Amino acid sequence: MKSSSVLGRNLTEFMAKLRSHGFRSVDKGPGELEFAHDDFARGPLMKKMMAKALSERIERFDAQIKILKCRLKSKKASLKVETLFQNLHI
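In the working numbering, each residue carries its 1-based index in the sequence shown increased by 291.
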């Protein structure tokens with residue numbers, strides 16, 4: 292088992308890391324630690340995450356649509372040339 296000084300140092304480092312990421316301590320009572328962050332709440336954070344995921348999904352669909360439109364354009368041009376050759380009477 293690790294000594295209490297090592298555990299204390301790890302906890303202090305962990306708390307410093309939380310603060311460096313914008314978390315702040317919340318008073319809970321003796322022997323209790325709690326941290327909060329404005330963006331780390333289920334409601335607002337979930338909305339941000341869902342909006343980002345939806346935006347990324349829309350971007351992927353837009354890219355797929357662009358590719359399909361290019362393929363369709365190419366196929367139409369190819370069919371047009373084919374039709375012209377079939378209708379060519381020499």
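Rather than coming from a laboratory, the hints here were simulated on the basis of the structure. In this text, all values refer to a predicted model and were calculated from it rather than measured experimentally. Glycine included, C-beta positions come from ideal geometry on N, C-alpha and C. Be aware that a few hints might be false.
Heads up, simulated DSS-like pairs for lysine-lysine below, C-alpha to C-alpha not over 25 Å straight-line [said to hold, decoys possible]:
#1 K339 with K308
#2 K357 with K371
#3 K371 with K360
#4 K366 with K343
#5 K308 with K319
#6 K367 with K357
Pair ranges (Cβ atoms, derived) [to be verified]:
#7 S346 with E373: 38 to 44 Å
#8 N301 with E325: 28 to 34 Å
#9 I349 with E373: 34 to 40 Å
#10 S369 with K338: 44 to 50 Å
#11 A307 with K339: 54 to 60 Å
#12 R348 with G320: 41 to 47 Å
#13 K338 with H312: 30 to 36 Å
#14 R351 with F326: 31 to 37 Å
#15 I349 with G313: 53 to 59 Å
Cross-check of the supplied hints:
1. Taking the CA atoms of K339 and K308, the gap is about 23 Å. The hint holds against a cut of 25 Å.
2. Taking the CA atoms of K357 and K371, the gap is near 21 Å; set against the 25 Å cutoff, the hint holds.
3. At roughly 16 Å between alpha-carbon atoms, K371 and K360 fall within 25 Å of each other, so this suggested pair holds.
4. With a C-alpha separation of about 35 Å, the suggested pairing of K366 with K343 is violated against the 25 Å cut-off.
5. Only pairs whose Cα atoms come within 25 Å are accepted, and K308 paired with K319 is accepted, the gap being roughly 20 Å.
6. Distance check on the hinted pair: K367 and K357 sit about 15 Å apart at the alpha-carbon level, within 25 Å; holds.
7. In this structure, S346 and E373 meet the distance hint of 38 to 44 Å, their C-beta atoms being roughly 41 Å apart.
8. The hinted range of 28 to 34 Å is not satisfied by N301 and E325, whose Cβ atoms lie roughly 18 Å apart.
9. At about 36 Å, the CB distance of I349 to E373 agrees with the hint of 34 to 40 Å.
10. The supplied range of 44 to 50 Å is met by S369 and K338, whose beta-carbon atoms lie about 46 Å from each other.
11. Between A307 and K339 the beta carbons are some 26 Å apart, a value that contradicts the proposed interval 54 to 60 Å.
12. Between R348 and G320 the beta carbons are some 44 Å apart, a value that agrees with the proposed interval 41 to 47 Å.
13. Under the hint 30 to 36 Å, the C-beta atoms of K338 and H312, about 20 Å apart, miss the expected range.
14. Checked against the hint of 31 to 37 Å, the pair R351 and F326 passes, with Cβ atoms roughly 35 Å apart.
15. Taking 53 to 59 Å as the suggested C-beta distance range, the pair I349 and G313 does not conform, at roughly 29 Å.
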